[in-house]
Amino acid sequence: MSEITRSKATGERAQKVQGKTAPPADDIDLDAYTSVAEEHPYQEDPSRLPPQAKERILESGVTLDNLAQRSGTFLQIDHSVIHSKAQQGGLEVMSSLEALEKYPWLSDYWWQAVSADADKFTAEAERNQHHGYFIRSLPGTKAIQPVQACLYLAQHGLAQNVHNVIIAEEDSELHIITGCATAKMEREGLHIGISEFYVKKGAKVTFTMIHNWAPKMAVRPRSGIIIEEGSVFLSNYVCLKPVRTLQMYPTARCVGENALVRFNSVLVAAPGTTMDVGSRAILGARGSRAEIVSRVITTGGSIIARGHLVGQVADVKGHLECRGLILSEKGTIHAIPELEGLVEGVDLSHEAAVGKIAEEEIEYLMARGLSRDEAVAVIVRGFLSVDIEGLPPELSAQMQRAIDMSEQELL
Amino acid sequence: MLEVEDLTVEVGGREIIHDVSFNIDIGETLALFGPNGSGKTTLLMAIMGFPRYEVTRGRILFNREDITHLPVDERSRMGIGILFQRPPVVRGVKMREMVRACLGGREDGAVIEQLAQQANMVELLDREVNYGFSGGEVKRSELLQLIAQSPEFVLLDEPDSGVDLVNISLVGEMINDLLQKDRMRNRTSSGLIITHTGHILDYVSVDRACVLLNGGIWCRGNPREILTSIKSHGYEGCAVCQK
Ligand SMILES: Nc1ncnc2c1ncn2[C@@H]1O[C@H](COP(=O)(O)OP(=O)(O)OP(=O)(O)O)[C@@H](O)[C@H]1O
Ligand SMILES: [Mg+2]
Numbered sequence: 001m002s003e004i005t006r007s008k009a010t011g012e013r014a015q016k017v018q019g020k021t022a023p024p025a026d027d028i029d030l031d032a033y034t035s036v037a038e039e040h041p042y043q044e045d046p047s048r049l050p051p052q053a054k055e056r057i058l059e060s061g062v063t064l065d066n067l068a069q070r071s072g073t074f075l076q077i078d079h080s081v082i083h084s085k086a087q088q089g090g091l092e093v094m095s096s097l098e099a100l101e102k103y104p105w106l107s108d109y110w111w112q113a114v115s116a117d118a119d120k121f122t123a124e125a126e127r128n129q130h131h132g133y134f135i136r137s138l139p140g141t142k143a144i145q146p147v148q149a150c151l152y153l154a155q156h157g158l159a160q161n162v163h164n165v166i167i168a169e170e171d172s173e174l175h176i177i178t179g180c181a182t183a184k185m186e187r188e189g190l191h192i193g194i195s196e197f198y199v200k201k202g203a204k205v206t207f208t209m210i211h212n213w214a215p216k217m218a219v220r221p222r223s224g225i226i227i228e229e230g231s232v233f234l235s236n237y238v239c240l241k242p243v244r245t246l247q248m249y250p251t252a253r254c255v256g257e258n259a260l261v262r263f264n265s266v267l268v269a270a271p272g273t274t275m276d277v278g279s280r281a282i283l284g285a286r287g288s289r290a291e292i293v294s295r296v297i298t299t300g301g302s303i304i305a306r307g308h309l310v311g312q313v314a315d316v317k318g319h320l321e322c323r324g325l326i327l328s329e330k331g332t333i334h335a336i337p338e339l340e341g342l343v344e345g346v347d348l349s350h351e352a353a354v355g356k357i358a359e360e361e362i363e364y365l366m367a368r369g370l371s372r373d374e375a376v377a378v379i380v381r382g383f384l385s386v387d388i389e390g391l392p393p394e395l396s397a398q399m400q401r402a403i404d405m406s407e408q409e410l411l
Numbered sequence: 001m002l003e004v005e006d007l008t009v010e011v012g013g014r015e016i017i018h019d020v021s022f023n024i025d026i027g028e029t030l031a032l033f034g035p036n037g038s039g040k041t042t043l044l045m046a047i048m049g050f051p052r053y054e055v056t057r058g059r060i061l062f063n064r065e066d067i068t069h070l071p072v073d074e075r076s077r078m079g080i081g082i083l084f085q086r087p088p089v090v091r092g093v094k095m096r097e098m099v100r101a102c103l104g105g106r107e108d109g110a111v112i113e114q115l116a117q118q119a120n121m122v123e124l125l126d127r128e129v130n131y132g133f134s135g136g137e138v139k140r141s142e143l144l145q146l147i148a149q150s151p152e153f154v155l156l157d158e159p160d161s162g163v164d165l166v167n168i169s170l171v172g173e174m175i176n177d178l179l180q181k182d183r184m185r186n187r188t189s190s191g192l193i194i195t196h197t198g199h200i201l202d203y204v205s206v207d208r209a210c211v212l213l214n215g216g217i218w219c220r221g222n223p224r225e226i227l228t229s230i231k232s233h234g235y236e237g238c239a240v241c242q243k
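These protein sequences, in sequence, are chains A and B. Position one of the first sequence corresponds to residue 1 (the numbering used here), numbered consecutively onward. Position one of the second sequence corresponds to residue 1 (the numbering used here), numbered consecutively onward.
For reference, chain A alone in the conformation it holds in the complex (with noise of 0.2 Å):
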């Protein structure tokens, strides 16, 4: 426990780093939403659930049918676990809540990576907390098969507000794929998610986002990891389709030396839609790397694209790359970068870069036979791939089907 409760210390010291960029001013009225949520019931075989609420977890890249093709499974819908199941020895998988009953010492983890008071979004999931998973891979296991997880709002209105905790002890691995989705487009909700990584001494964790909202949604995640000696947290986080509005700016802390940290972000703005996202790297230890890229396309939403690295002892690394195309006349993309190097001897750099395809790229592939449409749709494809080192295979063949999915309602 000696890192994690180091990490305190260095949890304060990012809210004040925090502090200094206030979040934009929040819209969000809690009180519009009700939290009384129908009780859904438990599924043993989650393949049979209603085939439309089956597809649209399928396009937020959960993969019901294949068992084969994951290590454990997570379900909820609105405030109900309708399944969840551990397929390999040495994983858990279970209710947050469960765990939190189960495991007396969880709570020496609850709210140490995200903390509760952090803004009202935390404050309320505190206050009414409605599930969320509790993944933890047991000391030396390696699942190269993922986790699925999937957060899934079908009622109309609600505030679904979870609480996820990850733990990966040492030397393990772990991959987790979660999808977040809701069961029509026209459905009004508020997602909260909180969600905490411990990634202990020389273990590895990738984790998968892809969100599948509805135009009309409210999504704030927070998420904070912890990360210590030698280990690994590599993040993707997809979101192309239409939410109204999403907020989030997950923080990691690198406390253990040779720690490393990659958060890769691929984000599409429609009109009517409003991202403020970013990822943030505390490099609070010797030797420890982060390295944040996002690629964001508007075609008629806002963006705003965050990042921010901060080296707080010497001999860190740390790179931030953020691209952004203007597909449309309306969208608009504000690229923040921010680089803060405490002492001497950091390394830290970023690119950004704003605009649209430039003509001279658009004119080089037309050279080559193809039309100004195909050759666009060429290079925004290009643009959307970010290369995802470390993925399992399996994993990366979802998270590009996710986003050529998108692709095809895009182009």
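Treat each hint with caution, since some may be false.
Restricting the straight-line Cα-Cα distance to at most 25 Å, the calculated cross-link-like pairs of lysine to aspartate or glutamate (DMTMM-like) are [to be verified]:
#1 317/A to 351/A
#2 204/A to 315/A
#3 94/B to 291/A
#4 216/A to 55/A
#5 201/A to 229/A
#6 231/B to 202/B
#7 54/A to 188/A
#8 120/A to 27/A
#9 94/B to 351/A
#10 356/A to 338/A
#11 330/A to 374/A
#12 181/B to 225/B
#13 85/A to 65/A
#14 356/A to 54/B
#15 94/B to 321/A
#16 181/B to 3/B
#17 356/A to 74/B
#18 330/A to 186/A
#19 94/B to 359/A
#20 85/A to 171/A
#21 330/A to 276/A
#22 356/A to 128/B
#23 94/B to 374/A
#24 184/A to 31/A
#25 94/B to 373/A
#26 94/B to 360/A
#27 85/A to 44/A
#28 181/B to 164/B
No lab work stands behind these hints: they were computed from the structure.
Given chain A, put chain B with the ligands in place with the hints provided.
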């Protein structure tokens, strides 16, 4: 195959090419010499049809069809290809995708691999197009794309500049492949090669040459003779010779 008649080209409102005429027959290769800034690239870009290069007089015929006002992609699909002197970087797009696009979008992984092998480009297939490529890699990448596209007529803008001695023979081979130089008869492809040093002419045989000076053609003739003359007298020699 290609007929350029009294062509005048403006770039950014400035006239760069003045009343240039020349022909290239089926199966023929023409070399184009000329000092820096004389308008060689401008001429090629205008033949390819890039919108920034505005033809204000004259016309371009390809296989007897007037293509002067056709868009780039149509000219490409008619069978004209170009090796860019300085191609743009296309971030995110992998060479593999680019070659696939040049093949007309056919999803043939094996063909791509095989073509890349010939171009010694296999390890570059997963790199972003032209991103961080060395001078020689840019040329090989351009030629790989052209071979995939397999045009009847190729415009080659300095295929030999910045290419080392080992690579130049590979570049030469690829150009010979494009221009069907292995055929003595019934050759159907033709080309135009811009070169400063003439190094590529040690690998690729060309039929005729001309010299472009200040946006006009000053001299036509045997490529070897012209090159030798430029080497000993410089381009001033061409200007004098013309008088
Ligand atoms: N977009 C442009 N705007 C203004 N001037 C241009 C533009 N493009 C080319 N030029 C000018 O046209 C002239 C001819 O340029 P061009 O690139 O055709 O020369 P070149 O013969 O290919 O030279 P090099 O041997 O250096 O490649 C130069 O003076 C150049 O600066
Ligand atoms: Mg030139």
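Now the hints, each set against the structure:
Between residue 317/A and residue 351/A the CA atoms are separated by roughly 15 Å; this keeps the pair inside 25 Å, and the hint holds. At most 25 Å may separate the alpha-carbon atoms for a hinted pair to count; residue 204/A and residue 315/A meet this at roughly 22 Å. Restraint check for residue 94/B and residue 291/A: satisfied, since their Cα atoms lie roughly 21 Å apart, inside the 25 Å limit. For the given pair, residue 216/A sits about 20 Å from residue 55/A by alpha-carbon distance, which is consistent with the 25 Å threshold.
Distance check on the hinted pair: residue 201/A and residue 229/A sit about 5 Å apart at the alpha-carbon level, within 25 Å; holds. Simply put, residue 231/B and residue 202/B have alpha-carbon atoms about 15 Å apart, close enough for the 25 Å limit, and the pair holds. For the given pair, residue 54/A sits about 20 Å from residue 188/A by alpha-carbon distance, which is consistent with the 25 Å threshold. About 12 Å separates the Cα atoms of residue 120/A and residue 27/A, which keeps this hinted pair within 25 Å; it holds.
A threshold of 25 Å between alpha carbons decides the hint, and for residue 94/B with residue 351/A the separation of about 20 Å falls inside it, so the pair holds. Taking the CA atoms of residue 356/A and residue 338/A, the gap is about 23 Å. The hint holds against a cut of 25 Å. Restraint check for residue 330/A and residue 374/A: satisfied, since their Cα atoms lie roughly 23 Å apart, inside the 25 Å limit. A hinted pair counts as satisfied when its Cα atoms are at most 25 Å apart, and residue 181/B with residue 225/B qualifies at roughly 21 Å.
Proposed proximity of residue 85/A and residue 65/A is supported: the alpha carbons are some 14 Å apart, at most 25 Å. Between residue 356/A and residue 54/B the CA atoms are separated by roughly 24 Å; this keeps the pair inside 25 Å, and the hint holds. Simply put, residue 94/B and residue 321/A have alpha-carbon atoms about 18 Å apart, close enough for the 25 Å limit, and the pair holds. Among the hinted pairs, residue 181/B with residue 3/B is consistent with the structure: their alpha-carbon atoms are about 21 Å apart, no more than 25 Å.
About 24 Å separates the Cα atoms of residue 356/A and residue 74/B, which keeps this hinted pair within 25 Å; it holds. Note on residue 330/A and residue 186/A: the hinted pairing holds, with a Cα-Cα distance of about 23 Å set against a maximum of 25 Å. About 18 Å separates the Cα atoms of residue 94/B and residue 359/A, which keeps this hinted pair within 25 Å; it holds. Annotation: proposed proximity of residue 85/A to residue 171/A holds, straight-line Cα distance about 22 Å (limit 25 Å).
About 17 Å separates the Cα atoms of residue 330/A and residue 276/A, which keeps this hinted pair within 25 Å; it holds. Restraint check for residue 356/A and residue 128/B: the C-alpha separation of about 19 Å stays at or below 25 Å, so the hint holds. Annotation: proposed proximity of residue 94/B to residue 374/A holds, straight-line Cα distance about 15 Å (limit 25 Å). A hinted pair counts as satisfied when its Cα atoms are at most 25 Å apart, and residue 184/A with residue 31/A qualifies at roughly 22 Å.
Between the alpha carbons of residue 94/B and residue 373/A the distance comes to roughly 18 Å, so the proposed pair stays at or under 25 Å and holds. Our distance criterion of 25 Å between C-alpha atoms is met by residue 94/B and residue 360/A, whose separation comes to about 17 Å. Taking the CA atoms of residue 85/A and residue 44/A, the gap is near 9 Å; set against the 25 Å cutoff, the hint holds. Taken as a hint, the residue 181/B and residue 164/B pair is honoured in the structure, with Cα atoms around 22 Å apart against an allowance of 25 Å.
The structure fails none of the hints (numbered hints given earlier).
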